[in-house]
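Participant: Sequence:
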Amino acid sequence: MHVSCRATRFLVSKGLDLGEVMRKVASKLDCKGGGHKIAAGGTIRGINKEELISLIDEQIELQMGGA
Numbered sequence: 003m004h005v006s007c008r009a010t011r012f013l014v015s016k017g018l019d020l021g022e023v024m025r026k027v028a029s030k031l032d033c034k035g036g037g038h039k040i041a042a043g044g045t046i047r048g049i050n051k052e053e054l055i056s057l058i059d060e061q062i063e064l065q066m067g068g069a
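The opening position of the sequence shown corresponds to residue 3 in our numbering, with each subsequent residue numbered one higher.
Think of the hints as simulated: they come from the structure by calculation, not from any bench. A quick note: this is a predicted structure, and the numbers were derived from the prediction, not measured. There may be inaccurate statements among the hints.
Said to hold, decoys possible - Simulated pairs of lysine-lysine, DSS-like, Cα-Cα distance not exceeding 25 Å:
{"#": "1", "residue 1": "LYS26", "residue 2": "LYS39"}
{"#": "2", "residue 1": "LYS26", "residue 2": "LYS51"}
{"#": "3", "residue 1": "LYS16", "residue 2": "LYS26"}
{"#": "4", "residue 1": "LYS30", "residue 2": "LYS51"}
{"#": "5", "residue 1": "LYS16", "residue 2": "LYS39"}
{"#": "6", "residue 1": "LYS51", "residue 2": "LYS39"}
{"#": "7", "residue 1": "LYS34", "residue 2": "LYS51"}
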């Protein structure tokens, strides 16, 4: 499935980098992902939508320090 993510400028100013989030999530799944701080995406396979959202949420929490 193709995934795209968008962030607000406020979240980016607080340290969010969706490109890094998608690179890390895609890497864990042996897939491709990346992009920019404010917008990113990837081609993900081998996982359902709910599991993918959970992995993305975990990476965002790690990046934002649990905020």
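Participant: A separate judgement is required for each hint: does it hold in the structure or not?
Facilitator: Evaluated hints:
1. LYS26 - LYS39: holds, 13 Å
2. LYS26 - LYS51: Cα-Cα ~17 Å, so holds.
3. LYS16 - LYS26: Holds, at about 19 Å.
4. LYS30 - LYS51: Answer holds: LYS30 to LYS51 is near 15 Å, not above 25 Å.
5. LYS16 - LYS39: holds, 11 Å
6. LYS51 - LYS39: holds, 22 Å
7. LYS34 - LYS51: Cα-Cα ~16 Å, so holds.
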